[in-house]
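With chain A held as given, fit chain B onto it using these hints.
As a plain string of letters, each chain reads:
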Amino acid sequence: GAGVSQSPSNKVTEKGKDVELRCDPISGHTALYWYRQSLGQGLEFLIYFQGNSAPDKSGLPSDRFSAERTGGSVSTLTIQRTQQEDSAVYLCASRIAGGTDTQYFGPGTRLTVL
Amino acid sequence: AQSVTQLGSHVSVSEGALVLLRCNYSSSVPPYLFWYVQYPNQGLQLLLKYTSAATLVKGINGFEAEFKKSETSFHLTKPSAHMSDAAEYFCAVSEGFQKLVFGTGTRLLVSP
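Chains as they are written, first to last, in this note's numbering: chain A, 1 to 114; chain B, 1 to 112.
With the rest of the complex left out, here is chain A (with noise of 0.2 Å):
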């Protein structure tokens, strides 16, 4: 596709519900990311999927957040029992290969727990 694309692009859910949010990466980009942009927090990485190795799973805040990557291509964030402090926009990037390509960032998802 011509970039990366997010879907919904606005979710809102109530506290205590899951929610499961797609990442659909650029065609051959063998690297993707999720980041979370929230006011109080500002943009902080939350996992990285590498081709077939195991992701880097370091930010994720807590156990309700969960990824994976099906086929090396789609992305799905799923997050359980969604609390109020988990309202934020929800970016991902993809990458082709290599430490000083870009990354490309889709439009984000945008999560309000009432």
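Take these hints with a grain of salt, some might be off.
[Stated by the list, open to error] Some chain B residues judged to face chain A by a derived CB distance under 8 Å, without partners named:
hint, residue
1, 42
2, 46
3, 49
4, 63
5, 79
6, 90
7, 98
8, 99
9, 100
10, 105
These are computed hints drawn from the structure, not numbers from a lab.
Every residue, glycine too, gets a C-beta built ideally from N, C-alpha and C.
Using the frame of chain A, we list chain B on its own:
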């Protein structure tokens, strides 16, 4: 761990004036440095990046940044601001091959 400091959460300039957005980094190894721009309700767009080649890096929309190792800085400049430059700007450092560490962002306001 690497870190980035952006001085000034807001910078205001007049149209046609010089734009200077400051970024200082902390790194124990030669860093890769990036400037991204975010327009309202949009994702991040790369303006330019430093990857240990030329220290003066030119980017899109007339922006450039200079890597100064002695000052651990990577300030973003543009000679003449345009109204369309109003946005939020993020400096970031690459930590290994795994993630970007971002500064807190600087909102650029451009007045006519």
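Hints and how they fare:
{"no.": "1", "hint": "42", "verdict": "holds (6 Å)"}
{"no.": "2", "hint": "46", "verdict": "holds (5 Å)"}
{"no.": "3", "hint": "49", "verdict": "holds (6 Å)"}
{"no.": "4", "hint": "63", "verdict": "violated (15 Å)"}
{"no.": "5", "hint": "79", "verdict": "violated (24 Å)"}
{"no.": "6", "hint": "90", "verdict": "holds (7 Å)"}
{"no.": "7", "hint": "98", "verdict": "holds (5 Å)"}
{"no.": "8", "hint": "99", "verdict": "holds (4 Å)"}
{"no.": "9", "hint": "100", "verdict": "holds (6 Å)"}
{"no.": "10", "hint": "105", "verdict": "holds (7 Å)"}
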